[in-house]
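Residues per chain are reported as follows:
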Amino acid sequence: MEAAPRLPGMEVRPVERHVYEVQIGPAHPGSGHMRIFVEVDGDIMVRVDPDIGFVHRTMEKLAEGRDWIKNIPLFERMAILDACNITLPYVEAVEKILDIDPPPRAKYLRTLLCEINRIASHLYGMGIFGVFLGHSTLYMWAFGDREVFVQLAEDLTGARLTHSYPVFGGVRRDIPDDFPQNARKAARYMRNRLNEYAKIFLNNPNIRKRLEGVGVLDKNRATELGIVGPNVRASGIKYDVRLVEPYEAYDELDFEIPIFEEGDSLARAWVRVEEIRQSLNIIEQAVDWLERHPREGFMHDRFWKNAPQLYKDIYNGKIDYAGKYRVKLMPLFASLKVPAGKASARVEAGRGEMFYYVESDGKNVPYRVRVVSPSFRNVIAFKYVMPGHRLMDLPAIYGSFDYFPPEWDR
Amino acid sequence: MVTAAQVAYDVGWGILHYIIFYPPLYQLIIIPGLIAALVVVIFIIWFERKAAARVQMRYGPWEISPRTGGATQLIADLIRYTFQEIIVPRTVDFMSYIIAPNAAVIFSILPLVAVPMTSVSQYWPIPMDFSLLIAVALSTLSPIFVVMMSWASNNKFAVVGGVRESFIIVAYELIAVISLLAVVPLVSTFNLVDIVQVQMGGRWLGLLNPIALLDAFIAVIMSTSAFPFEIPDSESELVAGPYTEYSGLMYGLNMGAGYIRRWTLSVLITLVFLGGWAPYRPGPGVVAGYLVPSLIVVAKAVVVMAIMSFLRSVYGRYRLDQALSLAWEVLIPMAIAAFGISIAETYFGVIP
Amino acid sequence: MFAPIEMPLFVGVMAVAAAIAAYYVIKLKDMIYASISLALLGSLTAALIALAGFPIVAAYLVLVYVGAAVMFLIITISMLGLRGSEERDTFRGIIAAAAVFTLVIAIAFSSKLYNFYVLPYSVSAQQAASRLLSRYLLVLALIFVGQATTIVEAISIARRGGRS
Amino acid sequence: MIIVDQLTGVLLVLVSAIIMSIGVYGFTASRNLFRQLLSIEVLFNGVFLLVITLLSASPLVTVYYSIVVISVVSVEAIVVTAILVAFLRAYRTHSSTDLEESEV
Amino acid sequence: MSSAPEKKPNAPAPQAPTPAPKPAAQPAAQSAAKQSAVPAAPPKPTIPPEYQELQKKVAEVLKGLNPTFEPSRGYLDVVVAKEHLVEAARRLKEMGFDHVISVGAIDYIAKKQFKVMYHLTSYLNEDLSKYVVALSTYIERDSPHVPSLTGIWLSAEFHEREEYEMFGIIFDGHPDLRPLLLTPAVAALRPLRKDFVVKEESDDIETDYEAYLATKWW
Amino acid sequence: MGFAYNPYSLSANSFVIIPTVIFAVLVATMLLLRTLLRSDKRVDNVELYKYVPFESSNPPRGTGKSRLTFQYLGYLVMFLSVEPAVVLLTFLTVAPRSYSGDLLMLYLILVAVFAPTIAFGAYVAKRVHEWGWA
Amino acid sequence: MHVPAKPSPKEVPRATFLGRAVAGNLGALAVGVKYFFDPNRITLLYPHEYIKLRQGYRGYIVLIFDKCISCASCARICPARAMKMVSINVFDKKLKKYMKKKYPVINYNRCIFCGFCVDVCPTEALYHVPYHDLVYNSMADMVLTLEDFQKEPEFVTAKEGVPVTYIYDEKKGLVKVHYEEEGGEVQKAEGGQASAATEAQGEQAQGGGG
Amino acid sequence: MEAQQQEGKAYIGNLEVAAQLAKEYLVKGTVAKLVDWATAFSLWPVHLMTSCCGCEIGAAWGPRFDNERYGSLPWVSPRQTNLIIVEGTVTKKMACSVRITWEQMPYPKFAIAMGACALDGGIFYNSYNIVRPWQVIPIDLYIPGCPPRPEAVSRAIVELQRMIRNKGLASKWVVSGIRKDLKYVLPKEDLCGWRGERLELSA
Ligand code: SF4
Ligand code: SF4
Ligand code: SF4
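Chains as they are written, first to last, in my numbering: chain A, 1 to 410; chain F, 1 to 352; chain Z, 1 to 164; chain D, 1 to 104; chain X, 1 to 218; chain Y, 1 to 134; chain R, 1 to 210; chain U, 1 to 203.
A hint or two may mislead.
Stated by the list, open to error - Reference excerpt, derived from the structure (chain Y facing chain F, CB under 8 angstroms, subset only): (1) 7; (2) 22; (3) 83; (4) 90.
What the hints assert, rightly or not - Covered, in the sense of this in silico footprint (three residues per stretch, anywhere, with C-beta under 8 angstroms from a C-beta of chain F), are these stretches of chain A: (5) 26-39; (6) 126-135; (7) 203-217.
These aren't lab readings, by the way, just hints derived from the structure by calculation. C-beta: ideal position from N, C-alpha, C; glycine also.
Bound conformation, chain A alone:
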C-alpha cells in the first residue's frame, strides 16, 4: 500500500487494507457541518465514524459566564430554525428553580410558537432530505411552504428565526390582531399541500425504493441507542414528552401522537408528515383559545406588578411603534439572581426530546447548564445503523434522521 500523505497535525488512523475510506464532510453536499469517516468494502459501508464538533461553539461553558437572561439567545443559536422549542426547557427549568408558573395565556402563546416552529423544522428537515435524494423539487416546496410558517412566526415575534420568545415568567409578545385568521388560512393551505407532497415524494416509486427497508431500527434497538423524537416514534415506541409529561398547554389540547411500526427511513419521513398535520390542529386550537380569551396575563406577576403605565400602554397596543402588544422587560431581568437549586426540564422539540439540566448557586450566572439536544442523541444512530448499507444509502439514512449539526454540537 502506498503511504498516505503525511501531514503534520493530522491524525493518521490505520485503515484495513481491503476497505476504502471516504471522508464525507464538512465541505460536502451530503453532510452538514460534520464529517463522517466511512469505510466501504466495495459498495457496502463497513464502518461509519461520525466526527462531530465542527459547530461546537462551547455554549455550556459560555452559559456559565453569562447572566440568566442572556443565555436565552445563546441557547437559541443551537437550532435557530426551532428556536422556541430549544429555549423553552431552559426557561422552564429556571422557572422551576424560581418556582413560578407562567399564566395560561403565556402558556398558550408558547405552545403556539412551539408548534409553528415544529412545522417549520419538519419542513426544513424534509427539504434537506429531498435534496439528499436528489429531489430538488421537494427541497424547494418544503422551503417555500416553510416560509408561510416563518412568516407567521415573524408576525408573532418580530424575527424570522431567532425569536428569543419565551422569557422567564412569560413571553415577549402577544399575537397581532390579524394573526388568527392568517394562522387558520395557513393551516388549511398546508393540509392540502401535504397531499401533494405525498404524491410527488413519499409515494413516488423512485423515492419509496430508496427509503423502504433502509436504515431499519426496531423497537429494542432504538431503545438501546436512545434515539429520540419522531425517529423513535417511527419505530413504534409511544414516547413523546407532550404525551408522557405534558408541559405548557399541551394537556388541554386535543391532538394525536402518530406512531409507526416499521422503523425504516420511509416511516421516519411519514411520521413527520403526520406530525405536521397534528401541529396544524394544535395551532388552530391554540389560536381559537387565544381569540376567545382577553388579552391579559402575559407575564408572571412577580415580574410585572410594579410595571409603570408606559409598559402597560405598550402592551395594550395604545402605543405602537415597535410592534403592538409588546412586553417590556423590567430592568431587573438584566441581572436576575436565581436561588440555589437544580432542576431539569425536557420538552419535545422538532427533532425530539430537548433536555436541560440547570444548576444555580444563587449568583447571577448559572453554575452549570447541561444541554442535551435531540440531534446529539441521534448521532449515535449513524455509527450503529449505517454499517451494512450501501454507500448510496448514507444520505437516505442521514436525511431521515433529520440532521441539524449545530444542534448536536451546541
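The hints should help you fit chains F, Z, D, X, Y, R and U with the ligands onto chain A, whose structure is shown.
The following block gives chains F, Z, D, X, Y, R and U with the ligands in isolation, referenced to the frame of chain A:
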C-alpha cells in the same frame, strides 16, 4: 460578362456548398454537430433550470436578461468558466487528465456523422447502408472516457463515480442497443434513410412499437446520467462524481460531453422512432435538401431532450443497485419484449 | 467496383495507429490506461475491418468486444485495484514475438499471396442474415445455450458463496 | 486496380502480424496475470484482422466465422477474468500479504 | 430605574450539595438562608411531589447500595457511591430505565469533586416514561476515574466521550474513549472545568468614547 | 462529384480527420487556457492546499486509485454474456420478411434460454454479501 | 378541559406492485406537469421589490437621543456585548451647562438583533427600523458612532424597488401584493414616532417615481 | 533596438511573459467587460455550511427569495465555484476546512462573510473554540445580523455583482493573475497544522 459580384457570388456559393455543406463537416461541426449541440445544450440547460423553477414555485435565472427570462444565463456561465483558472492538482495523471474530457466530447459527437439528415444521397456523410448499426456502435464508446477521466483525477469521489459510471454503462448499453435495433425487423434494414422513409406517411415506428420507444428513452436518460439515474455524479455522496477535480473550461467540457451524448442519442431516437424529418420531403438543393430537414430533426430532438430534462423536477435518484436491478429485471425484459413485438408484427404482417 | 487509389493510404494510417495502440497496451504502467488503449485498438481494428469491406463485423466487434469485453476488463481491474511493479523478461518476449511475426508472414505470403485481395464490396447484411437463418438456426441456438451457460459458470466462479 | 487491392491486403497482413507479435511479446515478457490477459486480447485483435484478410475472398464465410470468433473471444475474456477473480480472492483470504504487493 | 441586585443583600456563597447521606424527605435547613434576589421567596428545594412515589420504589430497588436523594426539581437525583455505580445501574436497568438522556458532569471545585450524573428514563415501560431519574456519583477531582456505563446503556457512549474531553473524566471500560467535539489541542484544556476561565473581553459595559472609537473590535 | 465525395474520403473525413482536428483544437485550447489563466506565484505560495486532491476539504488521505465497488460484478458478467447473443439476434433481423418465421422461432429460443438464466443471474447478483472482499 | 394527547398507531400507506409502479409514477408526473403549466410562484423579485416588514420587526436599532436617561439597562442586558455606554459632554437644557453623560453606542459586528435592549429601555429611547438587508464593505463601518446611532441606516433597497407585502391564502400559501393595495399607508400614518417607516416611505415614493 | 530584440527573445523563450502580454493585449475593453459581466451573473457559491446561518442560506436559495435569479447556483465541489459564503461561526475545527475550500477554488473567487459570528463572533464573542473568518480567508463583503435575512444575502450578491462590474475584479485578475485589492492572509494560527513543514504527497 463576369462581374465582381458574380465572382463573389460564385465563390461564396462554392464555399457554402463545398465547405460548409460538405456533409462530414456540416454534420460534425454545424448541424447537428458541435455548434447546434452547443446551442441546444445551452437552451436545454436553461430550460431545465427554468422548468424546474416553474414547478418549484420560483423564477430561476432571470436577472441577467429579464426580458428573455434569463436566456443568456448559460452564455454567462460559459464565459465565466472560460476565464476561470484551470487547476490541475498535483496528483493527477496529466496527459490523461487533459485528453479524457476532450476525447469524451469527440466520441460523443462522432455518432452524428453516421446518421443521415436528409434522404438526398448527395448529402450523406458516409454510405448509409449500416448507419443505424454504426451509430449505435459508436455511441457506446464515449463512456469509456468518463471512466478514464475519473481514473486520471485520482480522487476518491471521482474514482467511485467512474466505477458507478461503468456499471451504469453495463445497465443501459444493452437496453439502448436492443430497443434502438428493435425496429429493424419492421423495416428489414439498417439503413436509417430507409427507416425514415418508411415513417413518411405518419406511421411512426414509435407508435408501432411504443415499448421500444419508452425503453430507448429510459436508456438515453440512464446513459447520460440524468435524473432519475443521476448516479455517477450523485452529489449527495460523490461530490461531482468523475468531474470533481475539473475546474474552469475543462469542467464545462465535461458537463458538455454528457449533454452532447444525450443530444446525439436524442437525434438517433428522433430518426428511428419519431420519423426524422418525416412530414417534410427533402427537395433538391442545399437548403431544401439539407438545411431544412436537419432543422426539423433538430427541432424534434430538442423536444425529446426537453422531456428528459423535465424529469429532474419530479424524480430523485435511484440507488446504484436499484438501477441495475431495475435494468435487469424490468427494462431488459421489456426491451426483449419490444423486440419480440416487432418480430411478431412482422410475422403476422401487421405492417405491409 | 474497385477500391480507390488512396485506399492503401487509409489502411496504412489506420494500421500505424493500431500498432501504436497495441504498443501502448503493453507499455502503459497503469492497467486502466492499458485497457483503454485496448479499447482504442479494438476500435481501430474495427475500422480496418470496415475498410476491408465488412462493416457488419466491425459493428459487431465494437458492440460486443470494445463495448463489453474491454469495459469488463476496465471495471475488473479498477475493482481489483491492481497496480504496482511488474517484472519483464524482455529477451524471451522479443524472441517469441519475432518467431510469431516470421511465422505469420511466412504462412500468409507463401501460400496465398496472389490469391487474396480485399473487395471494396459490402456484404449485404440481409443476405448474410437470411443465409444464417436458413442454414445455421441450430448452431445459433447452440451459441445461445453456450452463452447462457457462461453466465451461470462465470457467476458461480466469481462469487464467493459458490465456493464456500 | 488489382494492385491496389493487393497492396491493401499486404498492409493488413503486415499490421495483423505486428499486432500479434506485440501481443505475444507482452504475453511472454510480462509476469503480471492481467497484463498477460491484455496481451492475449491484443493478440486476438491481430487474429481478427488476419482472419478477415485471409478469408475475404468469400465474404459470407468471413462474416460467420468472425462473428463466432468474436463471441467466443469475448466470452473467453469473461471466464478468464472470473477465474482470476476467484483465484485472487482465494489467494487473498489465505494469505495476509496484500494483493498489490504480491506479484500476481 | 435601577436593577434588582442593588436593592437586595447579596446572596450567600453557593452551597454545593454535600455528598454525605442525608434524609431526603427533610431538606437541609440551610436553604432558608438562600433568599434570592427575586421578589418572592423561593420554595424549599425538596423532592418534587410527583416523584415521592418513585423515590420509594427506587430506594427499594437500590437497597443495600445506600442511595441518597438530593433535592431537585423535575427529576429524581439518586446518589450512590462510586463502587456501587455499576450495580445500581444494572438494577435500574432491570427496573425499566432503558436509556440515558444525558450524562452530565459538574465540577465542584470548592469541594475538589466531580459529580457525574446519568439522567435516565424509559421508552418501553410506559409508566416510567414520565419520570426522569438521575443516577449520580461523586468522584475525586484529582483522579477522575469512574466506571463506564456504556456496557449497560449503549446510548451513553457519545455522552461519556463528551464528558471525557470536557472534564478529563476517564470512564474506565469505555470502548472508544476519544475526544468527540474538540480538536485535541483544545480538548487538552479541559474546557468545562471551573478552573478554565473564559476571558470576557472586559466586564465593563462602559467605555470612553474615544477609546470606543479607537478600539479595533475585531 | 469528385474526390471529396468518394465514400472512402467521406468516411475518412467523418470518422478520422475532422474529429482529430477538433480534438487537437480542443486539447490545444485547454493547454493554452491552462497556461494563460494561472494565478500569480505569490498567491500559490500562500495557498498550500490548492493543488492537492479534493477530499471534502480535509487534508487528503490516501490515494484515489484503489479497490472498489465489487458487489455488482454479477450484473457485469450477465451483461457480457447476454450481449453477444442479443446483438447477434438483432443483426439477423434484417433478413427479408420471408424469414420472419425462422426469426420468431429463434427469438423464442432466445427467450426460453435466457429468461431463466437472467432470472438466476439477477437473483445471485442481488445477494451482495456473497460478492464482497471482506 | 383536560384532553390528554393520545398515541395513534398509523401505517405507511402501502400499495401493490402495479399500483406503486404505475399510479405512483403517474401521480408524481401529474403533479409535476400541473405545476409546470400552472406555477405558483412566491418569489420576491428582490432588488425591484422588497418586503415591507411589519411594524414590530426587529431590524436595525436607532437611538432617540433626547429620551435616553443613561440608565445603562440596554448595555447591561445585551447578550452579545454589542452595546456599550460611552460618556460624552452634553449640554443639559435644564441645568444649562455641559455635563458628562453616558449614552449607548452599538457595534453591528456583534449585534444579534435580539431586541432585548429595545424591550428593556425604560423610556423607549431605542427603536427598530423595519429593514434588515444591508451589507458592508469593511468592518469598521459597522461600529457606529453616537451620531450614526441616532440616524436610521440608509435603506438602499428602497431606492431601487417597490414595497410589497405577503398575504396568506388558502390556495396559494403566500401571495405577493403591492404594498399600496394593502392600505399600508393608513396604518403608518398613525405611528406617533418619527419612525423609519415614514422616511423609508418617502424614499420609496422617490424610488417608485423614478 | 537592442532592448526590443532582447524583449523579442524573451517572448520566445519565456512563456510567462508572452502569456502576460497576450492577456494584456486581449483582455481589455469589451472583452474585459464581458468577463466581468459573465462572472457577475455566474457567482456559484460553494456548498460549505459552517454554522446555523446555513438555514437562511437555504431560505435565500429557496423559492421565496430565489437567488438563482442572479444566476447564482449553489454548487457542490469547490473546483467549479467562485464564491464562498462563510455562514456564521467558524470553529477551530472548521477553520481548516474553510481554508482548504477557499484555496481549492479557482480564481477569480470572492468571499462573503455572513452573520454576526462571521464578523466578530456575535453572541459567541468570547468562546474559546471559534476563530474569526477574516483571520482565515480574505473577505469581500460582510453581512451583519443573526441570522441575516435572506434579502440581506440577496443584497450581498447584488452588491458583489456591482463591485465586480464597476471595479472589473474578474478581468483584472485574468490580466494580472492576482487581485490587488485583497490581502492574502496566511492564518496566524496553525489551523490544519500546515505551517513550518512542507506538504508531502505521494501520487
Ligand atoms: S439587539 Fe440584542 S444584541 Fe443587539 S444591541 Fe440590542 S441587546 Fe444587544
Ligand atoms: S436603556 Fe434606554 S434610557 Fe437606558 S441607557 Fe439605554 S437607551 Fe438610554
Ligand atoms: S450569526 Fe447567528 S445565526 Fe449566524 S451562525 Fe452566528 S449565531 Fe448562528
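Structure-based check of all given hints:
Look at residue 7/Y: its Cβ gets to within about 5 angstroms of chain F, closer than 8 angstroms, so that hint holds up. Interface restraint check: residue 22/Y against chain F, minimum CB-CB distance 6 angstroms, threshold 8 angstroms, status holds. Given hint, residue 83/Y at the interface with chain F, holds; its Cβ is 6 angstroms from that chain's nearest Cβ, closer than 8 angstroms. Below 8 angstroms, beta-carbon pairs count as interface contacts, and residue 90/Y has one with chain F at about 4 angstroms; its hint therefore holds.
Judged by the Cβ-Cβ criterion of 8 angstroms, the segment 26-39 of chain A is covered by chain F as claimed, because 3 of its residues qualify and three suffice. Coverage of the segment 126-135 of chain A by chain F holds [criterion: at least 3 residues with CB-CB distance below 8 angstroms; count 6]. Coverage of the segment 203-217 of chain A by chain F holds. Counting CB-CB distances below 8 angstroms, 5 residues qualify, and the rule asks for three or more.
Checked against the numbered hints listed earlier, the structure breaks none of them; every hint is satisfied.
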